[in-house]
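For reference, the chains in residue letters:
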Amino acid sequence: MNQITRCALVCAALAGLSPAASHSETCLSPYIKGLRQPEKVMYVWMLPAAAGQGRDVLAVIDVNLASPTYGKILKRVQVGSAGNEAHHMGFTDDRTRIWAASLNTSRLFIFDVSDVMNPKLAKTIENVPKLTGLSGPHTPYAIPGRILVSMASGPDGTGPGGVAEFTNDGEFVASHAATNHPYETVIKPEFNRMITSSWVSQKTFMSPFDKWDPKDSTNTMLVWDLKARKVVQTLTGDPIPLAARWMLKPNAKYGYNISNGANSIWMFKMEDDGSFSYRKAADIPYACAPGDLRQSPDDKYLYVSCVAGSEVQAWDISDPEHIRLVDTAQGFVQANMMHLTYDGKRLYVTNSAISSIDYSKRYMMRLLQIGPDGRMKEDQRFFIDFSKEPDGPARPHDMLLN
Amino acid sequence: MRRLIAGPALACALAAHAAPESAVSANPNLSVIARAPEFTLKDTAGRAVHLSDYRGQVVLLAFIFTTCPGVCPLISTQMSALQAGLKAEGLFPDRAKLVSVTVDPKTDTAEVLSRYARMFRADPAGWSFLREEPERLKPVLKAYDEWTRLLPNTKGWLDHPARVYLVDPKGNIREIYSLAFFNEKQALIDMRVLLAEK
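Sequence lines, in order, name chains S and R.
Heads up: the first sequence at position 96 corresponds to 96 in this note's numbering, and the numbers run straight through without jumps.
For this note's numbering, count along the second sequence from 1 and bump the result up by 402.
Chain R with its partners taken away, still in its complex shape (with noise of 0.2 Å):
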């Protein structure tokens, strides 16, 4: 059975997180890449959660599993920094919402899912773990193309596209990040640039 790995994965992500920083960029071309499906899925209260009620929201997304040992506590992290950051702007959670998505649901109950938030400091105002059971979840991953694979020689840990998407007010995705080179300060920049737009 896996098991919750964040603890430790959280102060190596912390330590990893003192490398030197990515550059950003001040006027970011956020072009619309696509429109984001929409999907129905449960927070961890249980409750439906539409992509379509933050509509008028800039929303950040990302895919994740809580027993994932690399990049997923890594950009819980970095989540935790930005929500930290649109607060201080007065942005969250009001104008800019987080959305952590688990790929992996048989593992990542809502109570583990619940743990793992409250261990990100995660404010369910603004940031919220969404699950649903596997077959409903299926056709949510496939429109986002985050297929997921088992990693051979490894004790059950998943592989799946390392990607964080970016929704603007409309509905639209405007960027999508690579967890491995996501940088908060340029995502507050685009979720600025985005809720600026006329």
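Same shape as in the complex, but just chain S (with noise of 0.2 Å):
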């Protein structure tokens, strides 16, 4: 063997173990220590069916399937208070920490999952709002020993929002101000951006459906300057621009959102002068009102759930400016978050999105296993039932896998 031919086998392996390789786990910031084997866990933040009624619950489930308790539910880590109204989770940079996000409280809950089958409540920050001038935590996400939280508004539950940062264990470092209702964060380090999506601010998405007040949703999504923390440029398009995707692979220039408002597919990408466009990329051909956008790990198709719609959807999205529904996977009512494995393979599926808004009458957890064409099936061996949990039934919303 030559001396360039064993260096090429060296530096091969040695980018099997960098970090930059293992960002093939979707949907995740790309700081998190990705998970490149099969699941054995999953964590389900969830909360009471009775809203108001009950505490939130973080369930285990065994994802392994060659346990004998296989689907099953192993733990349930109660949370010490009631009406929080479970929603998004994020692990922290180094995988040891879930932060657990309410959204009528603004309770942050900080679970230890450093042993990964028995979770354990480590901090619940109280009074968020008055810490950050913050209310209505949304999705948290990883950047180096800190978690940014997108918080839709001000502390009295209206207004505009922004981003609160605080360390790994819950110390509050800032604020970052936002000019709409932050509502999920994507980062590509590699550009020093971040963009935050919206939606409504806390009054309105802890009314009765009914009594949401459109003039209240924006439709904007925000690039920042992330070492700045600044907003550096404005996109505006359709209404309440919820979960964004931006591409995997190092150095892409371009992503995908959903709008929940007007059942389309956007996309932005930056152009070369370091400016982003953002173009409607697709119609949703009826009223699915989208609810949540996952990726495939190759950058090839996106999933999106449609919480009116009842189904699921694949995008092909190897034509990135043509991108096309290739398939459906229906009876799904309420349709509302998801999970994709490492490999693209499995597609985990929950139908609450919030109380205000639920109208599903059985709350559960179903799988659909991915062909390599993107297509979906139906896994009848994984149903969850969240109807007959000990406490009562529950409505289950954001999950993670370890």
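Simulated from the structure, these hints should not be mistaken for laboratory data.
Glycine included, every Cβ here is placed at the ideal spot set by N, Cα and C.
Take these hints with a grain of salt, some might be off.
A few chain R positions that, by computed beta-carbon distances, are all more than 10 Å from chain S [as the list claims (entries may be wrong)]: (1) A425; (2) I435; (3) S454; (4) A483; (5) T509; (6) P536; (7) V542; (8) S580; (9) A582.
Calculated cross-link-like contacts (lysine-lysine; reagent style DSSO-like; alpha-carbon spacing at most 30 Å) [unchecked claim]: (10) R/K489 / S/K249; (11) R/K587 / S/K120; (12) R/K587 / S/K253; (13) S/K40 / R/K544; (14) R/K544 / S/K75; (15) S/K123 / R/K540.
Per label pair, the in silico range of CB-to-CB distance [stated by the list, open to error]: (16) S/S318 / R/A436: 29 to 35 Å; (17) S/Y286 / R/N555: 46 to 52 Å; (18) R/N429 / S/P372: 42 to 48 Å; (19) R/A598 / S/P38: 34 to 40 Å; (20) R/R520 / S/A177: 45 to 51 Å; (21) R/A598 / S/N127: 44 to 50 Å; (22) S/D112 / R/A436: 15 to 21 Å.
Since each chain comes alone in its own frame, lean on the hints to assemble the complex.
Written out as structure tokens, the structure reads:
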């Protein structure tokens, strides 16, 4: 073996271990240590079906196919308070903790998952509006040693929100003002750019759906200089641009987001001058009310859940400027949050959005197997019915795997 | 027994470094994140080094191990480039320091660390490689949230949080970088900004 071959082999081996190669786990912050093996456990953040009553729960589900308890809830870790409205979660960069946000009380819960099968509630951050000047925390998103939390509104639940920054163990660092109601965060470190999507204020999303004021919704995405924590560009499109995904390939300059308010998919793209263009990539062909957007690890497919349309859609994005709907999985009443595995082969789906808009009579988690062509088929071996929880029916929302 | 792999890794790191550069920000937000936990460790000559010895200077603090197959040699390569940049601006070694702490003191003896430092052309006047016996190092690693665990199915390679800390002249952590996305040009700007603070 000559020296060049030897070096190439070593380089290949090293590349396989470098963090840059660990980012194939989709829809998480690129700073998080990636899961590069089949999942063994799933964490589900859920609230009682009787909203405002009972404690929110981090459920631990066995998703190891070889396990005799496959598909069963193994453990339920309760928080010490009620009425929180469990919603989204995020790992810290080192994957040892999960931050779980609550929409109604704005409490932030930190679970220690260093023992992956036995999460423990390590800390509860109370009085978040007073601490941060912000309310309605939506998505915790890891940066090195810290968590950014997109917050919908000001401290009284109205007006524009921002992004709150904490250390991994829950010490407040700073708040960064936004001009809209931040929903979700995506970061591309190569470009020092962060994009936050938007939705409505806390006061609106915690009101009954028929009381939502359309004027309170925002239709903007903010482009931030990540290091400066400053908004450098506002992208204007369709209303309520919820989930956003930046393509995973290193130096990929584009990504997509869904517009819940206009049934559309939008594309954001960094142009040669560093500014971003923003255009509609596709209309979703009927009243879908998209709730979540997931991406395949090879940047070839997007998956869209339809909260109103009760289906999951697969979109082929291999031609980025001309995306097309290629498959649907139907009968998923109020499909909402999804989680795709590191290999792009398994897509877990839950069906509770927020207690204020939920209409499903039954809450569940189902599994779609994904073929190499992006097409979906329900796995009948996996089905979890949350109407039979020991403390009463529950609404499952966000999921994470370990 | 694990071997120092920095030779081939350095070549790979240099090759990887030829990839497109990350963008930098001229006006970084460097909020106080936390007080930098104090430590006392030993340099490769066996002298005690306290973090507080660097008060009045800005410090870039990296946790590494010499048998690391991936990001550690890359970060050391980038710190070498940063050392050159700081020297060119007249900040190194008097106003800016670089510190590399091994998380694997059993393998990384003082001799091994010295050899590693030479490989990256570390100037001992301002770039220290520190270690301590495992039991004494343990609380320091814990204070910086630097756990280690053996990676399965490897030749004893370690997994650890891939972070680099920037400490200001008052002893506060002002930035935490990811090793994977570390950009020495941004770090140079950040250090310059901290040194310009009154």
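- Task: Give me the numbers of the hints this structure contradicts, sorted from smallest to largest.
- Result: Violated hints (numbers, rising): 1, 2, 8, 9, 10, 11, 16, 19 and 21; every other hint is consistent with the structure.
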